[in-house]
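**Q** As a plain string of letters, each chain reads:
Protein chains: 4
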Amino acid sequence: MSKTANLTNRKTLHIEWGDCDPAQIVHYPRYLAYFDACTTALFKKAGLSKRQMLETYRIVGIPLVDLRASFKAPSRFSDTVVVESEITEWGRSSFCVRHRLFNRNVLSVECFETRVWAALSATDRETIESKPVPPEVIGMFSVDTNHSPARQRPRRNKLA
Amino acid sequence: MSKTANLTNRKTLHIEWGDCDPAQIVHYPRYLAYFDACTTALFKKAGLSKRQMLETYRIVGIPLVDLRASFKAPSRFSDTVVVESEITEWGRSSFCVRHRLFNRNVLSVECFETRVWAALSATDRETIESKPVPPEVIGMFSVDTNHSPARQRPRRNKLA
Amino acid sequence: MSKTANLTNRKTLHIEWGDCDPAQIVHYPRYLAYFDACTTALFKKAGLSKRQMLETYRIVGIPLVDLRASFKAPSRFSDTVVVESEITEWGRSSFCVRHRLFNRNVLSVECFETRVWAALSATDRETIESKPVPPEVIGMFSVDTNHSPARQRPRRNKLA
Amino acid sequence: MSKTANLTNRKTLHIEWGDCDPAQIVHYPRYLAYFDACTTALFKKAGLSKRQMLETYRIVGIPLVDLRASFKAPSRFSDTVVVESEITEWGRSSFCVRHRLFNRNVLSVECFETRVWAALSATDRETIESKPVPPEVIGMFSVDTNHSPARQRPRRNKLA
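Chains as they are written, first to last, in this note's numbering: chain G, 62 to 221; chain F, 62 to 221; chain V, 62 to 221; chain A, 62 to 221.
No lab work stands behind these hints: they were computed from the structure. Even glycine gets a Cβ: it sits at the ideal position worked out from N, Cα and C. Fair warning: there could be bad hints in the mix.
Unchecked claim - Label pairs and their in silico Cβ distance ranges:
| # | chain 1 | residue 1 | chain 2 | residue 2 | range |
| --- | --- | --- | --- | --- | --- |
| 1 | V | R119 | F | A66 | 31 to 37 Å |
| 2 | G | E171 | F | V143 | 30 to 36 Å |
| 3 | G | R153 | F | D127 | 24 to 30 Å |
| 4 | G | E171 | F | M201 | 31 to 37 Å |
| 5 | V | F163 | F | V167 | 35 to 41 Å |
| 6 | A | G200 | G | E116 | 47 to 53 Å |
What the hints assert, rightly or not - Straight-line distance between alpha carbons at most 25 Å, and here's what the computed BS3-like set of lysine-lysine pairs gives:
| # | chain 1 | residue 1 | chain 2 | residue 2 |
| --- | --- | --- | --- | --- |
| 7 | V | K192 | V | K105 |
| 8 | G | K192 | F | K133 |
| 9 | A | K192 | V | K133 |
Unchecked claim - Covered stretches of chain V, as calculated for chain A (at least 3 residues, CB under 8 Å):
| # | segment |
| --- | --- |
| 10 | 90–102 |
| 11 | 124–134 |
One chain only, chain G, in its complex shape (with noise of 0.2 Å):
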């Protein structure tokens, strides 16, 4: 019998200066764009480098329409924090990424985004919407717990 988990990504950061605002915390904004490039990188562990994730599936984006986010505690310049990344749910076109960036062991930012999988219109160029996600996309956040995730993405550890 096999059992399946959501793939997961850690994204370690170094949080700059220049993240930072006259408070000497981390500026939010700054903090959904590191989600945003966590959001990537669990595409890209997944085996999908967003370059060419956009020329295969002939997508222009996964771009956001919905986005929670709590802010625990603050972060500030020179510390180094892990992001936990995972797709928590998928549905026809869209799906929800859970972003949890952890300070010191920290629970710091708790993040949900809802995404589209975002094609243009056939009939307007001007147009952007949204279009099923594949199949053999959402197979590829799988991940069979009977196997150890050391041995079954060797080659993918490395870029994640």
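Please build the complex by placing chains F, V and A on the supplied structure of chain G, with the hints as guidance.
**A** Coordinates of chains F, V and A only, in the frame set by chain G:
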């Protein structure tokens, strides 16, 4: 009999090339930077310039603790948009700001920020803690609707 | 006898909290983002909205090839500054833009951008190459100084 | 006889979607944010974490006074680039940092920053003034080339 309403600020923004991503639409963390500036502008309309406010009330800022946003329609570089901002709720040491971004009169992004009135801890200068919002500050966001806003705040309108 | 001068744009900017770093002054990459927006505004004053310009002339942008800036005095959040921008030199496919940022009438930042008129290569859509600037575009940046600017460009002034 | 060379740091960067503009290439102010982070990383390799450095030497930062950059080739999202950074010159209270960004081993951007060692004025806390760079700080950027870097700085390499 006196009626009050929430002070509202309208800020016109030009969507810049550098705010847009390779899909040619606003990269969503930039919306949050816009809204942060809109909250600053709302306080300025109430008579509280950010730098002065920090000095007067000895706070380090009004950082976010919670964020919700929904992105209903994309905006593109060279678009001109209007953001309407108001404080919808006051707690003891926190408050909620609602921003609604309109592009050609269509509601395109809606955002709810929960912020706290924050000062450095008296005992640990590395720690930021929330403080009760001064009642006089809350009072500055009430508009007496028996009078026209134009008569009431002649010198403030030019700041917004 | 007719004399010409360079079209100049003046853009007023409010220094935002999120543009400043823990030293409480503008984080310098943000100045370059301001100046990019000021170049866009200068072209708009000349009658060339960026989106329209890209469509009309089938270019992908006017990217930088060279940058020089000197930072003479810092600016802080809540400051209001004015940036004066003009094109100081036209080459065959490149041009130089000068920006001068004034804070309380003191020249605080001076920046020289060298940009190219850039299109996708006809043979390789991954390659961007410079193209000659159309003479009509260059002509739009000359101001006939025998006439007052106010009479000459009544509808453009409001755009800047 | 002992020979010295400049300490050099190499930082690998992943070009993010959000760093690119509608022309699908890095928006140039983002390069300057990269280089600011690279200067921080160079100091960290020398043993000076930014937060600690500010506390130890009671400075507010190392702000830019002059900037020169040339952009020779564009980079795109999903590219991985390497930035080599070193301090090429020390003045009394200023120093010059050179950054060279390589994309697939091709020099794509070169940048020269002139920065100052800056502290708050003792008499006016609103004024930032330059201070002499401590000789011990300058010494930390000299590499004795008679010894292999591996032997000389075993604990620092992991920080860079």
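**Q** Under the constraints set out in the numbered hints, which ones does this structure not fulfil?
**A** 1
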